[in-house]
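Chains L and X are the protein sequences, given in the same order. Position 69 of the first sequence, counted from 1, bears residue number 69 in this note's numbering, the numbering being contiguous throughout. Position 506 of the second sequence, counted from 1, bears residue number 506 in this note's numbering, the numbering being contiguous throughout.
Derived from the structure by calculation, the hints contain no laboratory data. Since no wrong hints were added, every one of them can be taken at face value.
Dumping the calculated DSS-like pairs for lysine-lysine here, alpha-carbon to alpha-carbon at most 27 Å:
1) Lys491(X) - Lys797(X)
2) Lys19(X) - Lys56(L)
3) Lys18(L) - Lys86(L)
4) Lys75(L) - Lys19(X)
5) Lys75(L) - Lys64(X)
6) Lys18(L) - Lys56(L)
7) Lys64(X) - Lys19(X)
8) Lys18(L) - Lys83(L)
9) Lys740(X) - Lys249(X)
10) Lys596(X) - Lys670(X)
11) Lys18(X) - Lys77(L)
12) Lys162(X) - Lys302(X)
13) Lys468(X) - Lys797(X)
14) Lys301(X) - Lys197(X)
15) Lys64(X) - Lys18(L)
16) Lys75(L) - Lys18(X)
17) Lys64(X) - Lys18(X)
18) Lys56(L) - Lys77(L)
19) Lys326(X) - Lys596(X)
20) Lys77(L) - Lys64(X)
21) Lys56(L) - Lys83(L)
22) Lys56(L) - Lys75(L)
23) Lys87(L) - Lys56(L)
24) Lys653(X) - Lys670(X)
25) Lys77(L) - Lys19(X)
26) Lys18(L) - Lys77(L)
27) Lys302(X) - Lys197(X)
28) Lys18(X) - Lys56(L)
29) Lys64(X) - Lys56(L)
30) Lys162(X) - Lys326(X)
Now the in silico label distances, taken between C-beta atoms and shown as ranges:
31) Gly68(L) - Leu87(X): 41 to 47 Å
32) Glu22(X) - Ala84(L): 24 to 30 Å
33) Arg124(X) - Lys87(L): 50 to 56 Å
34) Asn72(L) - Arg51(X): 18 to 24 Å
35) Gln47(X) - Ala84(L): 39 to 45 Å
36) Ala452(X) - Gln90(L): 47 to 53 Å
37) Gln42(L) - Lys18(X): 34 to 40 Å
38) Ala84(L) - Ala456(X): 42 to 48 Å
39) Ala456(X) - Asn41(L): 56 to 62 Å
Heads up, the beta-carbon is just placed ideally off N, CA and C, and yes, glycines get one too.
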Amino acid sequence: MGDKAEVWQGTLALMVLKTLEMMGAQHGYGIARRIEQVSGNQLALNYGTLYPALLKLEQEGFVVSSWGVSENNRKAKFYELTKAGKKQIQRETESWEQTTEILGRFLNPMEGV
Amino acid sequence: MARFREFCSRLWRTLFFKKADEDFHAELESHLAMEVEEGVARGLTEQEARRQALIRHGGLEQAKISQREQRGLPFLETLFQDLHFGLRVFGRNKGFSVIVIMTLAVGIGANTSLFSIVHAVLLRPLPYAHPEELVTVDASKPNFSRGSISYLNFLDWQRENKSLASFAIFRNTSFSITGIAVPERVRAQYISVDFFKVLGIEPALGRLFLSGEDEAGRAPIALISSSLWLRRFQADPRIVGQQIHLDGKSFTVIGVLPAVFEQGSGYFQAKDVYVPIGQWPNGALRDRGAGLGLHGIARLKKGISFSQAQQDMLGVSDRLAELYPKENHGLRAALLPLETATTGEVRPLLLVLLGAVGFVLLIACGNVANLLLARSDARLQEFSVRFALGARRLRIIRQLMTESILLSLAGGTVGLVFAAWGIKAALALLPNALPRSGGIHLNGPVLIFTLALSVAVGMAFGIFPALKISQTRLHGALKEGRNGGGTSRWKAQHSLVIFETALAMVLLVGAGLMTRCLLVLSGVHPGFNTKGVLAFVLSTPRASQRGSSEDIRAYFREAHRRIRETPGIEAASVTVGSSPMDSDDEQLFWLEGEAKPQNSNDMHWSLSYTVEPEYLQVMGIPLLQGRFFTEADNERSQRVVVVDDVLANTYFKGVNPIGQHLNLDGGDQKATVIGVVGHVLQWGPERDRTNSLRAQLYLPFMQREELLSSLNGSLSSGVVVRTSQNTSAIVAALQNNLRKMDREQVLWGVSSMDQVLRDSMAERRFTMILLSLFAVLALGLASVGIYGVLSFLVGRKTREIGIRMALGADRGVVLRWVLGQGGRLIATGILIGGISAVLLIRVISAVSLVDGVRGYDPYTLLSVTGILAFVGCLASFVPAARAMRIEPIRALRSE
Numbered sequence: 001m002g003d004k005a006e007v008w009q010g011t012l013a014l015m016v017l018k019t020l021e022m023m024g025a026q027h028g029y030g031i032a033r034r035i036e037q038v039s040g041n042q043l044a045l046n047y048g049t050l051y052p053a054l055l056k057l058e059q060e061g062f063v064v065s066s067w068g069v070s071e072n073n074r075k076a077k078f079y080e081l082t083k084a085g086k087k088q089i090q091r092e093t094e095s096w097e098q099t100t101e102i103l104g105r106f107l108n109p110m111e112g113v
Numbered sequence: 001m002a003r004f005r006e007f008c009s010r011l012w013r014t015l016f017f018k019k020a021d022e023d024f025h026a027e028l029e030s031h032l033a034m035e036v037e038e039g040v041a042r043g044l045t046e047q048e049a050r051r052q053a054l055i056r057h058g059g060l061e062q063a064k065i066s067q068r069e070q071r072g073l074p075f076l077e078t079l080f081q082d083l084h085f086g087l088r089v090f091g092r093n094k095g096f097s098v099i100v101i102m103t104l105a106v107g108i109g110a111n112t113s114l115f116s117i118v119h120a121v122l123l124r125p126l127p128y129a130h131p132e133e134l135v136t137v138d139a140s141k142p143n144f145s146r147g148s149i150s151y152l153n154f155l156d157w158q159r160e161n162k163s164l165a166s167f168a169i170f171r172n173t174s175f176s177i178t179g180i181a182v183p184e185r186v187r188a189q190y191i192s193v194d195f196f197k198v199l200g201i202e203p204a205l206g207r208l209f210l211s212g213e214d215e216a217g218r219a220p221i222a223l224i225s226s227s228l229w230l231r232r233f234q235a236d237p238r239i240v241g242q243q244i245h246l247d248g249k250s251f252t253v254i255g256v257l258p259a260v261f262e263q264g265s266g267y268f269q270a271k272d273v274y275v276p277i278g279q280w281p282n283g284a285l286r287d288r289g290a291g292l293g294l295h296g297i298a299r300l301k302k303g304i305s306f307s308q309a310q311q312d313m314l315g316v317s318d319r320l321a322e323l324y325p326k327e328n329h330g331l332r333a334a335l336l337p338l339e340t341a342t343t344g345e346v347r348p349l350l351l352v353l354l355g356a357v358g359f360v361l362l363i364a365c366g367n368v369a370n371l372l373l374a375r376s377d378a379r380l381q382e383f384s385v386r387f388a389l390g391a392r393r394l395r396i397i398r399q400l401m402t403e404s405i406l407l408s409l410a411g412g413t414v415g416l417v418f419a420a421w422g423i424k425a426a427l428a429l430l431p432n433a434l435p436r437s438g439g440i441h442l443n444g445p446v447l448i449f450t451l452a453l454s455v456a457v458g459m460a461f462g463i464f465p466a467l468k469i470s471q472t473r474l475h476g477a478l479k480e481g482r483n484g485g486g487t488s489r490w491k492a493q494h495s496l497v498i499f500e501t502a503l504a505m506v507l508l509v510g511a512g513l514m515t516r517c518l519l520v521l522s523g524v525h526p527g528f529n530t531k532g533v534l535a536f537v538l539s540t541p542r543a544s545q546r547g548s549s550e551d552i553r554a555y556f557r558e559a560h561r562r563i564r565e566t567p568g569i570e571a572a573s574v575t576v577g578s579s580p581m582d583s584d585d586e587q588l589f590w591l592e593g594e595a596k597p598q599n600s601n602d603m604h605w606s607l608s609y610t611v612e613p614e615y616l617q618v619m620g621i622p623l624l625q626g627r628f629f630t631e632a633d634n635e636r637s638q639r640v641v642v643v644d645d646v647l648a649n650t651y652f653k654g655v656n657p658i659g660q661h662l663n664l665d666g667g668d669q670k671a672t673v674i675g676v677v678g679h680v681l682q683w684g685p686e687r688d689r690t691n692s693l694r695a696q697l698y699l700p701f702m703q704r705e706e707l708l709s710s711l712n713g714s715l716s717s718g719v720v721v722r723t724s725q726n727t728s729a730i731v732a733a734l735q736n737n738l739r740k741m742d743r744e745q746v747l748w749g750v751s752s753m754d755q756v757l758r759d760s761m762a763e764r765r766f767t768m769i770l771l772s773l774f775a776v777l778a779l780g781l782a783s784v785g786i787y788g789v790l791s792f793l794v795g796r797k798t799r800e801i802g803i804r805m806a807l808g809a810d811r812g813v814v815l816r817w818v819l820g821q822g823g824r825l826i827a828t829g830i831l832i833g834g835i836s837a838v839l840l841i842r843v844i845s846a847v848s849l850v851d852g853v854r855g856y857d858p859y860t861l862l863s864v865t866g867i868l869a870f871v872g873c874l875a876s877f878v879p880a881a882r883a884m885r886i887e888p889i890r891a892l893r894s895e
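Model the full assembly from the supplied sequences, consistent with the hints where possible.
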């Protein structure tokens, strides 16, 4: 895998959803590139990890997929966020922020007890 | 919700996976292409770009696998794979599969048949509301643990108890429906008002009896059954209020009972008419001491346990015993849960049979396990290769188990067919041996049982080859090719065969003992000649009853004449009171010189038979001393009585009984003994010897003044005749003759004494037939097992045998060796089985043995050992003969 970190599937799901929210409909390759970019190339995504995650999101109803044509006239499968997906982003974001906040208290004990 | 959607989507894609596969492949290709483009854009060659991309992403196949795991239900997919594969394997080896399926079908089918019987008789809840609250109530008296309750006692028990929510009594009876062209005889019951309330039955039409309507002197009303309503009244919806004539008296129908009640529960049989007890014109209802065949049924109050109710009722009856010492001394209430009363007697027997049929199944499984073990040998290479390719142990085990369960489900399905036949056969052979047998058929619970059993069986025998194969050491197996396998597999096979033989031995011993018991019982002489004796009931028309006892005597003399004159009748006698193996009636007495005991329970008890002079000829009872009755012993001569040898030996030991006197209770008559006859087995060949009430005395019919004058209460009398004619012909002739005498005479309830005797042993016969059947099945299966294992052994050792023969061993030695192998297995099995059987039979006293047959009965053990050894040797002989015929050269060349 090289020297780049592995990605947890739970966080990957949120990253994918967020990416789709920002970029609109996108194909798998594009999503992977974008995530690597946003993470400052700290993450490595291979399609063995990405596609199962995309499939799971589709199964849960947070994205829908359809075949289309990419900017280079190539046939590709595009993924788009659904309403449920938007709500899921909200839920997950809140949950993450809460976790971070609580953990922060442990890691920075000076911040008011 | 999301999880559920995920599951559905997975399920969908499992079933339609082909398109998804292609889809994903295209997507991956597209992704790869875009990455390559980007690489080229950065300046790499296309080849280099592709190479780097592939390195980055790893193998295409791995990605596909991850995708597939996410996509479908991996469990389901592998299951389908296994099933598909299993079916192919069996298709290739049809013979093998058929043998296995048939073996399993026999085992599972037999179990299903028996389970359907057990379910219908024992497991099904009784068809009443909250059946666990119902108890039967009887009176325990000397000689009778569940005797009848007198009416006055019933009223007091009903009033005084604190534990019963409702309590009712009933008495079986029958009526002739008169006023129609051909009087029909119907079964009926006298009941107290609460009877249906206790059982929780609501009428389909009309209403039930109301409080107080069962008292004497109230209007005559009746409830009828649904089938009577259909038969006689054509389901007329205006039935309520119509009249029905029972024995010449008019009753008003007030309701119709639901059809579902007619199925009966074993304890209550279906009756057509229910009449309040007050309508029974029997003066003895007012006698606290009378035993009139009344029995009780009650429902416990909510929250009261059975033992609490028992305590309560015992207290009530004990207090009454103090209040009325003359009638109730020694009389206590006896309660039993209704379920126990209905099926308690057959429960242990059925459980034993269930165990026996379980043995048969175990033997069948043993054979199948052996077969599979033998086959797993051949498939060793196949599995070694799979292991080498990376298959996980668990996966292999799962596949083998799936194959096994597939086989056992197929076996179970065929077994159901066998079971259907088996049930039909069982019901045809033994209709009355068991209570509640009406519900025996393949219903829901039975099918579920079969399914569960098949799966369990599949898992049980599947474990053997699965474990063996998964423990294979790769290298050795691949090298050895098809002849791999070690001694451990043989040991497993041999142990299985010994186990099977032992089980078969146990079953054979059981069946053998049962057969012995039945033979012994059949050989017991019932004390009279059952062949050619017919018994029936004659209903006295109402008109003839209303005379003086003189008129009634005249009626009976005329009836006797008519019967006697019918061609084919050799002798005839009216009989009232006890009837062997059918009903009993008692006479209390005290001896000359004794003071009259204060209460009836302190008197001497004897069975009483009120008969006419020809009774002895009809029944063929031997006359031992003195003489029997003649026409001269009638109302004008001295009171006489004839006793049996048991009574004579008990009360007149050492003295000549002829000329002695007995004081008969009920009329305080003094009677002279004029003869002694042989004892008759009133309680049947099995139970008579140990019953406490065996003394018998005979009274002449015409002398029983009290009987004749109270004939108002009993409208029918029993008659026995001796005839050599065919039953239906003679009955028709008799009926004809009697109708000429009075149009309303009905002759019914015909039974032959022979049949009655045979019915008394019906349960034993049922057990014997089933156990023997199971034993034969077990024997067959075990011998197939022996044959199989020895054939396998010979096949294995072909090379070795060939070598030995080439070195000079003659064929006889080979034969003896194989037979010896087989013999050792059989002998060990017989030994283990024999010892287990003797131990088991001690423990299972339920399958009680008859006097004269011990648990380790030598005849049985010897003959059974002989049979098993013989069959075993036969089974060993075929492979031995095959071994004998091995040609050394071919053996050495074969691999």
